[in-house]
Each structure stands twice: as C-alpha cells, then as structure tokens.
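Peer 1: Below, each chain spelled out in residue letters.
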Amino acid sequence: MREFNETLLSVENISLSFGAVKALTNISFEIKKGEVLAIIGPNGAGKTSMLNVINGFYHPQEGVITFRGEKRRQMKPYDAARQGIARTFQNVALFKGMSTLDNIMTGRNLKMKSNILSAAFYLGPAKREEIEHRAVVEEIIDFLEIQAIRKTPVGRLPYGLQKRVELGRALAAEPDLLLLDEPMAGMNLEEKQDMSRFILDVNDQFGTTIALIEHDMGVVMDISDRVVVLDYGRKLADGTPDEVKNNQEVIEAYLGVGH
Amino acid sequence: MAFFLEVLTGGLLTGVLYSLVALGFVLIFKASGVFNFAQGAMVLFAALFFVGFIDLGVPVVLSAILTIAVMILLAYLIERLVLSHLVNQEAISLFMATIGISYFLDGFGQTIWGSDIRRLDIGLPQDAFVFGASVLGDDIFVNELDVVAAVVAGALVAVLAVFFSKTKIGRALRAVADDHQAAMSVGIPLRSIWMIVWAVAGIVGLVAGIMWGAKLGVQFSLSLVALKALPVLILGGFTSVPGAIVGGLMIGAGEKLAEVYLGPVIGGAIEDWFAYMLAMIFLLFRPQGLFGEKIIERI
Amino acid sequence: MSDVQAAIERYDTFPKILLRNAETMGEKTAYREKDLGIWQSWTWAETADNVRALACGLAAMGLKRGDKIGIVGSNRPRLYWVFAAAQSLGAVPVPAYQDAVAEEVAYVLNHADARMVVCEDQEQVDKVLSVMEELPALEAILYEDDRGMRHYDQEYLHYYDTVQEKGRAFDRDNPDFFLKEVAAGKGEDVAVMVYTSGTTGRPKGVMHSHRALIESARLAAEFEGLDPSDEVLSYLPMAWIGDHFFSYAQHLIIGYTVNCPESADTVTADLKDIGPTYYFAPPAVFESILTQIHIRMEDAGKFKRWLFDTFMKVADRVGVDILEGRPVPLKDRLLYALGEILVYGPLKNNLGMTRIRRIFTGGAAMGPDVFKFFRSIGINLKQLYGQTECCAYACMQANGDVYADTVGPAAPGCEVLIDSETGEVMIKSPGTFVGYYKNEKSTKETVNDEGWIHTGDAGIIADNGHLKIIDRAKDVGRLRDGSLFAPQYIENKLKFFSYIREAVAHGHDRDYVTAFINIDINAVGNWAERNGIGYSGYTDLATRKEVYDLIQEAIESVNRDLAADADLAGSQIRRFLILHKELDADDGELTRTRKVRRVVINERYGNLIEALYSGADHVAVEAQVTFEDGRSGTIKADLSIRDVKTFEPLRKAS
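Protein chains in written order, with the working numbering: chain A, 1 to 259; chain B, 1001 to 1299; chain C, 2001 to 2654.
Bound-form chain A, shown alone:
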C-alpha cells in the first residue's frame, strides 16, 4: 500500500448548479500528490462536472478549490493549463484534421516561449525551440508506442488510438495533475490493458498525479490508490478500493436498494 501525505489539490464544499438543476452539492475531497485517484459513480452522478470544475470549464457557485496551496473560487481553463493541470475528454476532443504529431505538439503550447513576431516568421530562436519541443514529443510518441501513426491525421485513427493520442497531448504539457475522463470508454479488453499500463507507467515514471473517471470497476480497483464515489451530485464515500467496495451505501447506489 502506497502512502501519500502531501495534498496537491483540494476541493471544499463545492456546489454547482445549472439553473434549478443541482449538478454538485457540497462536495469536498483531496487529491494527494503522486496518487492515482478514481472518481466513480453511476451515470449522472456529476463526475465529469467535477473534472470540469477542477480545470475551469465550469465555475461553481459555492466552495473553494486549493491547488498547490493557492485558494480560489474559480479557475479559467487557460490558467488551469498554465498551472499544470492537463486533461482528456470523455468523447475524445482531438484536432481531427491535424496529425498525431501536431496534436501532441499543441500540448507543448504553454511550454513554448518564443514571442508572436519571431514565431510568425519562423525565425532562428523559434525554429530552435520547435526542434527542442519536437524531441520531447518524440519521447512521448515512443512512450505510448504510436510511432506508426505519427503523421496520420487523427480523424482517421480508430477510437482506441485516438484516446492514446489524447493522453499523449495531455502528457506533453508535463502536468502535475492529469485529469482523465473515462480513458477506457469504448475499448476492448486488450486496449484497456494497454491503457491501464500507460496510466500506471505515467504515474510511476513521471510521478504525475492522476485523477480519473472510469466505469469499469475491475480497472478502477486494479489501478487506483484511492476512490471517491459520487451519486446524484453528492459524495458517497472516499477511501481505498477495498474500503469503498465494502461500503454499504456504495453497494446500494450501484445495485439499487433492496438487492
């Protein structure tokens, strides 16, 4: 059992509503530095909303987010990215017309320093920088074993590979916190095993903290250090996979009361 002490991000009493619909109610939990945290729950439990709050797509009406000791009510996606939060999306949000390489290069966007003018004319420093970042991206391509599709427009790739490219793009930002929204949705068993391996390798080799949403309970139990369970926008449980598995409320939420 791995031990994690340092808190990387905490959400406190977050409530989010769209008009009269309450998406999240008074949710608090912490993400510890270096861990793999799974957020699970039935459909409509508010999992994706939670990720959207963390990376600034949604602005909660109440509550505070603390990231690396800095407190704030809300974040903008741009700021979240700049401070080291990268993410993937449930339905793969890649730049379909661009190649795998270019997609992952966009992930380097914030790491690139050259100013608009020199970048516009592709002058010396910008070109050098481009080559430097390309080397980092090649490492990621090698890591994810996607050399064969380097130049392929991602729109033409099968779904499983698109998910991998999207992970690559998120990794390119060298994030401290990686948010994965159903990284294994729609994959077959072999692809799921590959993806699990990549997630664990990322966590292991780069020390990246990972918060992921996943439906496949087998995968969740296998790869996560801690699990947060949401249901109807509320937090049901928070603990190790074993604790959560044996939690009565969780069992009821998943199986329905009376089973």
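Misleading hints may appear alongside valid ones.
The calculated lysine to aspartate or glutamate pairs, modelled on EDC-like cross-linking and capped at a C-alpha distance of 16 Å, are [what the hints assert, rightly or not]: (1) B/Lys-1166 / A/Glu-130; (2) A/Lys-96 / B/Asp-1179; (3) A/Lys-111 / A/Asp-176; (4) B/Lys-1166 / A/Glu-132; (5) C/Lys-2474 / C/Glu-2445; (6) C/Lys-2034 / A/Glu-139; (7) C/Lys-2034 / A/Glu-138; (8) C/Lys-2034 / A/Glu-130.
Hints were generated in silico from the structure; no laboratory data involved.
Since the structure of chain A is already known, use the hints to place chains B and C on it.
Peer 2: Positioned in the frame of chain A, the structure of chains B and C alone reads:
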C-alpha cells in the same frame, strides 16, 4: 493562339485578386467557423486608410505600417466588442454580427475619409509590357500591375503557408479551428487566437485593397469584390487555402475567356454572371468544393 | 602479435570480416535505425567498437568458447551486434522468434543450453522470466531497452549499456584479449544456430559454420552484383535464416547498410524513408500489398480508378517486356512512360520501391498474377528457393531469366536433382549445414553420405532448366481414382483472390476435392461495408450467405482454370465451407511463416472434413481459440457447406 494566351493570362492575373479576397474569408472561417460577411468591407476599409494616409503626405511604407496597425486594432476591437459576447452562439448569429460589422466599416471609413473615388498611385506600373518576346510569332501584352499583384499574392500565400504549418501560432490556429474546448484545455488562449486571425485577414485584405485600388481606384465598389469571392469559395471549398487560390484563378480566367469567346455569341456582360453560374454547377455536382473535405458517413 | 594478425587476416569468420570493414571502410554507414523519429546511424568503425565492448563485457560475465547465447527481439542494430560479439568469443548466438510465446522461446533456449540471453525490452524479459524455472542452464538475461525495467531487481538481469561499460573496463585491463579471441576463431566453427519453424514436430537447431555462410553469401552477392552502396531494410524475424543471410552475412561481406525500422508497425513508412535497393519479402507480403492496393482503388474516386485500370492494362500488356528489354512498339512504350509518371512511379514511391534494383521472394509459391503485377510496373521481382539447411538458397533466378511458376536454375556452386522414385527435390550447396544440434538422427535422415540434402519438397525440372516446386513431397497425394492431388497448388490458386486469406484443400484418398476457406477480413469487410452488409466480427461475416456467394464465385473460377490442365482437372473443388475462425500461428494451425500445418488441422477440424464428405449442408462447431492477449475462449457457430459447379476437362488426361 497568342490572343488566347493573352486573354488567359489577363484572366488568371485578375483571378489572383479574387483569390486574395477569398483567402481572407477562408482564414476566418477555418479558425472560428464564422462566415465573415465583412471581408469585402475590410478590403475597402484598409484601402481607404492606406490611401488616406498617403494623401496626408505620409510616406508609402509608413502608411502601410500604420494601416496594418489600424487593422490589428480593428481585429482587437471586433474580438472584444463583438465576438467575445457571442461565444458558443449559433453560426447564424455570428454571421449576422459580421453583416453589422460590414455596414459599420463601410460607413465609418467613408465618414473619416469621404466617399470620393481616390486614385491610388504608389508608383506601381500601369503599362502593358511585352511578355516573352513572342509566342508562335505574335507578341503577348500583359499588364505589368497584374504581374506585380500576382507576385505579391504568391509571396503572401507562401508566407501564410509556412506560418500555418510550421509555427506554434499556426498550429494553435488549426487547433482552434478543429475543437475549441480541447484547444482551451491545452492552454491555447482562444481570444488571442481569434484576434490574430482577424488581424491576418485584415492584412490580407489590405494587400487585396492596394492591388484593386491601384487598378480601379479606391471606391465603395471595392467592398462588392467580396461578392465575387463567394463563388470562388464555393469552387474551392470554404476551408481550403489552396482551394481559395485555385478557385480564384479558375473564376478569373473563366470569366475573361467566356466574355471574349462566348460574348459575341450570346451577348455581352458574361463577366458579371459567369462566376455565379460556375458556382451553381459546382453546387450541383461537388458541393464540398474542389478541395473541401468530403464528408462520408460510415454506417 | 603477428600470429594474431595473420590469423585475423584470413578473414574466415564474421568478427574478422567486421574488423576488416572497420579498417577498409570505417567511415561508411553500417547500420541505421529510426529512433525517436530520427534515423540514427553507426559507421563500421563505431560498430566494431561497440561489438568489441559488448564482447569483452560478455567475456567478463563468463561467456566462453562454445557457449550458446540467445537473442530475442526485433531487428535492432544492437541485437545484430550480439551475433558478432558472441562469435568474437567463439560462442554461438541463437536467435529466437520474437513473437513466439514463452513456451516456444523456452524450448529453443533450453534445447540450445543457452547460458545467457539478450532480450530487446521489458516484454521479452517478462517472457523469459515467466519460464525461468524451465531453464536451468540460463545464468544471465541482458536487456537492450531499459524502459520500464527500473523496478526489476533480479541480480541476473543486466542492462546492455552496463555490460558494454564493464566490457570497456575489462578491455583496458586486458588489451590483448579481444583480438586473441577473434584470431582463435576458425572457418569451420559453428557461427550461428537457427531453429527451423518446424512444419512438423519440434523445431530443430540448424548449425551453420562461418565457412558455409561466408561462401554462400559471397557467391550469391557476386551473382547479383551487390556493392557497398546497397541498402536493405531488415524487418523479417532475426531468427529466420533469410534475415540472417541478408542482414548479417551478406551485409558484413559486402559492407552495405542495414536499416532497422522504428517498430514492426512502421515498416511501410520506414520503407518509404529508406528506399532500399535490395529487398526480400515472402509472397504473403506481396499478396497483402496487392490486396491493399485493390482496396484503396475500390475506395478511390472514379477518375483515379479509371487512371489506374487503364494504365495497369498497359503495364499488363507490355510492362514485363520493357523490364526485360524486349522490343515493344513505340506507341506502347510512350503509353508506358506516361503510366510511369501517372501511376507506376507514384505507386512505387508509396511502396518504397523506387530505388529497388532487385527484390526476391521465396519460401512459398506465389500467385502468377501477383508476380506479374509487380514485374509489370517495373519492379525486378525474382524468385529463389532454398532451405534453412542450405543457408537460404539453392536456386535463384538471374536477371532476364524470370518465370512466375519456377524458382530458377541451380544457383552458382549449388546442384539440384529430383529423386526419380519419390519426386523429391535434392540439393547440394556450399552452404550445407553442419548438422542439427543434439539430433544426429535427424541430421542423418536429412543429408545423405554424398552431401545431398532431402528438401521434402516435390518438384520437377522444367524444360528451361528451372526448378518448379509443386508441393511438399509428403503432401502430394492421389484421389481415389488415382489422379494427382497437389493441395498447395490449389490453395495458392484460391489465395490469389484478395477475398481469400487462407485455404486448406482436402482430397487425398477421397473421391473428390473439398476446401476450407479463411476470408480476408480487410478485403471482405471492405466489400461488405460498400454493399451495406453489417457485421459484428470475423465469425459473423464468415457465416454470411452473401460472403458464401462471393467465395463460391472465386472457387468456380479456380475450377475453370483447373479444368484447363489435364492432370489437375480431377482436382476441381466440389464442396467448401468458410471456417468460423482465422487460422492462427498462436493456435498452432500455421507456422510462424504462415504455412499450413496439415496434421494439426486434420486433427482439430476432423468433424468439419467429414461433414464436407457427407451430404450435410451445414455443420455445428465449437472451438478453442487463443486471443491476442494470451487468454483463450470458445467460439460456437453453425457453418454452411456449399456445393460448387465443376467443369468438363478441356483435354483428357494422357
């Protein structure tokens, strides 16, 4: 034969200018999905400022720089005052907004600089010169200004191509064109990107404006050039830079040739409607345009 | 020291030749490998230096003359270096197929008594670790790529770079050691041990001497006029004698550059990058390229398809004549030149075959139409024939003397004869192997006292002096009426259709011929999509009535062909069924080189064969399959059996 070649080159060179205007449309459409009705107005607006500065006695180069600054400022204001309030709205709302911008630019430009026709003389040659001594024994006359325009347009397109494919900003532009949300998640600032696109479209407009202005004088009808860009876009595809170029050339050459060779048979003024006819035929047989992305739904 | 020098200058072993290359063309590129998107290269001098460090490192770890060292991985320069490093010490490298399952690797390492094994990466290390208990002789595992390896703490695991570092230190302490060891090597020493893929029974370790490899590689290189400017892409398994011959033996002797692809999936792209001049591929590769081209053309726009069809007709008419320098009317020549610009050139460029000077195929029969296709677009595709036991070749086609249905006359230094009683092809070659490792009995059965190798193939010498292979000698059978039944011949005809991936014909001791068919999931899947037929997977697609219709058409056309040949008219296929699963090497149904294992199939699918010869029009099956991740499961299906039209023979058999 020589006469045919002369008409063809003349047409192609006019086509270059159509291409330039269409290019402005394509840039904005690709990056933000907005069909910018105001592109024609931007051409006129830029030309008006340019000629205005020159008439005030500002040197040509400085005038160009000042006008570029004006176009960048304009892009900033459009983004700030109009687009940023319409994020995630229907495409039609954004289109309506650009119609508004178009009327504003037409009016505002003329309020400042007046509505007279202004001659634009920056030393660009106006003579026809003999090209390539002779072809099959006959001389071919080509308008020198057209050649300059073609060279400038070619250079501009080359610069843009490198900009889009090789640079960080170019990649960011393409990323934004593909998926707004994903672009934001990797830290691409949407609003700056939109501003850059509008500014680039403004600069492309300026180049088009200078060339047209030098040919026909700077006047209100310049903004109607935009109407010719529409068939060009239908031909070339709304999202394709090469499409805009080839489409422009085809329409330019096509309408000149039609005017000269078909004119005597079916009456004149073919030049005015030929482009639209061609566009219509394309809509029937290849609605995605020459270079547009073919959309195939797999079952 | 001069003794050492003199021994080295005999150049009778590969390490000695490597030292020569480092001397005579030290700055020339020996290896290239695409890594992190960039082609890295190593000169001959750098190669020799690396090999020396590795050899000394292995020696420091205890590798001695006569020891065996396994190599498990895909084509990497650093793995090729293991051959030379081991040979420098007089140890014998034993490459194993990198896609083999753990048990197969274990068998090879165990049978070879390997003391060490060099693995490419974590995946291969895991494979070996999983069978560690079955390998008492194995003392050390080296890994070439250290990714993911940092949590492994077994003391017998060593990183390749660390071994080299140790080697450099060892070399400093014992500066004479390396050259002395190299000098001690002799031409008759065993240079390498490759395991046959084993169409029947367990794999056998074929031992080759330096002398045999060097001599046959040299003769073939002279025959083909190879030179140091040649480029090859090595992508076929390192454990296969052909790759060892092209990417190691000839590479060292001639000094040309070996290029290693980035990964198995990128071969097509890497081929385009490199544009090799000398190339080998088994027929299956050409067949799949052609299938891909056809699929792409079917998806292409009307104009493109018209262009392709039109110019392929031109190529079909005159392409081969132009390639072989025969007179062709001016009009056709011009059309062909236009075709080169519009179709063949871009196509060849896309395949990475623009610079090809010669390209060989062999190991299995090739459909004449596939063969002609490549030659007609100006690719000098030729056939060769050989065996693991004779260093890859015994027959080879010379430029301008090329036929689709033969494998060429006996190559320089080789002899071929047909056993008059059994019809078996017998060969003699300077590359004849030393023997099977620890299997004297098989060695005796395979090579007779005069040095003739039994190939196990049935063949004839055609009128032009070329050898023509019909089938495996033991597979050629007779129908009950006594007429000839050559299953492979029929299967190859079937497999020419892009919709058919694999076929197995039955008929020995039967009244008529029947067949199992495996559809090509890509080609048929594509066809199904275009025709609006939905399907959930292979089994679903394979049992569709529409697909049966499609295959039936193909079989009838094969029957029409067979009817034209008096001797084979009786072999027309009467009934067939489409198998519910793809035949797979993982299930033992095919060899790793995709040859059908008839014994396994006859045993496993006995009930299906019986059904084909009963009157039944369908049969239920339930089968064990191994999935790609190693799990196994069962598939249930109900297969239809179809009757096919047969044709009257055009001529009566003599």
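Peer 1: Find the hints from earlier in the document that the structure breaks and name them by number, from lowest to highest.
Peer 2: Of the numbered hints, just 8 does not hold.
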